[in-house]
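J.: Residue numbers (the numbering used here), protein chains in the order written: chain A, 1 to 120; chain B, 1001 to 1118.
Calculated directly from the structure, the hints in this document are not laboratory data. Computed from a predicted model, the values in this text were never measured in an experiment.
Some chain A residues close to chain B (C-beta under 10 Å, calculated; not the full set): (1) Arg43; (2) Ile46; (3) Ala53; (4) Ser97.
A virtual CB, placed ideally from N, CA and C, is assigned to each residue, including glycine.
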Amino acid sequence: AQTVTQSQPEMSVQEAETVTLSCTYDTSENNYYLFWYKQPPSRQMILVIRQEAYKQQNATENRFSVNFQKAAKSFSLKISDSQLGDTAMYFCAFMTSLGMNSGGYQKVTFGTGTKLQVIP
Amino acid sequence: DVKVTQSSRYLVKRTGEKVFLECVQDMDHENMFWYRQDPGLGLRLIYFSYDVKMKEKGDIPEGYSVSREKKERFSLILESASTNQTSMYLCASRTDPGQLFFSGNTIYFGEGSWLTVV
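Could you build the full structure based on these sequences and the hints that come with them?
T.: Here it is as structure tokens:
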């Protein structure tokens, strides 16, 4: 079974500083996607960034970047120049195909989340 | 933009009642999901549907059922609500061209439905 672990339930960072959120996962699959989702107080889940497992280059979206270490099964999110609007719950997620015996469907597993507070 | 709409944002129901949570997406997505979100537990998959009238159990299907009669609509049903089903329920959808890797692969979420069972 796939598992996703976020070991930091809560974190805080000063505005304009950099923060890194950790995520590790466990799978025997070789092909998968990894995602970071953000859930602000409004509760709307928003995609922050995604990474295909076959790509060695780390994904980057403006101030957000990942450090993808496939051998270590690690997928951390770095937020640079933190802004007050970054205050949210952040979820790491993992998507893979279940395999043809299960219909070949893609299943998504989420971590327990990290609550990030950006301090003015 | 993809729109996933959950018709009820806040519900209060009594123990034993039958509860329907409705979700509609407007992008012709094949896959739809129901998750529940609880503090410290993250998002846990209840059921997902890969096509009309097709469904698969997720990690915590007990006490729930689902219905997908039309492609755009995926309903979560609590046959007899219990207090331990008090939670936030999130619906999501994604397109599925039959392969894992494709441009734009992501999951789109609704705004959530807060259910309190008393």
